[in-house]
Amino acid sequence: MLEEAESENLAVDGVIADITNYEAPDLYNIVVIDSVLHMLQNDEIRNAVLEKSSNAVCKAGFILIADTPKHKSLICDYFKSVPKVWKIIKNEKNFFFAHKIALIKS
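Position one of the sequence shown corresponds to residue 1 (UniProt numbering), numbered consecutively onward.
No lab work stands behind these hints: they were computed from the structure. All values derive from a computational prediction rather than experimental measurement. The beta-carbon is built from N, C-alpha and C at its ideal position, and this holds for glycine as well. Be careful, since some hints might not be right.
Said to hold, decoys possible - Computed beta-carbon distance windows for the label pairs:
(1) Glu8 - Leu74: 15 to 23 Å
(2) Lys59 - Lys80: 17 to 25 Å
(3) Glu3 - Leu74: 29 to 37 Å
To be verified - Pairs of lysine-lysine, DSBU-like flavour, derived with a Cα cap of 35 Å:
(4) Lys70 - Lys52
(5) Lys87 - Lys52
(6) Lys70 - Lys90
(7) Lys52 - Lys93
(8) Lys90 - Lys72
(9) Lys80 - Lys90
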């Protein structure tokens, strides 16, 4: 992935960490959460991860979440709870994509 991004002059930061206690050091254009939420113990932890991850997105940035259908409503409900901050672009099958339209903590 990094070689491909470099060949297109794209700056990509990939992080492997425990998502439950990771604190992003910066704001990013795109945050991707891929097949992680279903492994967390409960919805309280999932919501905390959604909040921390969405707060790492810069204004006019995006978040892409791929997860199991079981958590689709939880993910959608989180972003619907902050409609002045997020615009949902796509919510189909196992994919959720949202655009950050304001720079306030969600």
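Do the hints match the structure? See the list:
1. Glu8 - Leu74: 15 to 23 Å: violated (34 Å)
2. Lys59 - Lys80: 17 to 25 Å: Holds, since Lys59 and Lys80 (Cβ atoms, about 19 Å apart) stay within the stated range.
3. Glu3 - Leu74: 29 to 37 Å: holds (35 Å)
4. Lys70 - Lys52: holds (21 Å)
5. Lys87 - Lys52: Status holds; Cα separation ~17 Å.
6. Lys70 - Lys90: holds (17 Å)
7. Lys52 - Lys93: Since the Cα atoms of Lys52 and Lys93 sit roughly 24 Å apart, the hinted pair holds (cutoff 35 Å).
8. Lys90 - Lys72: holds (12 Å)
9. Lys80 - Lys90: Between Lys80 and Lys90 the Cα gap is close to 13 Å, so the pair holds against 35 Å.
In terms of the numbered hints stated before, the structure departs from hint 1 and from no other.
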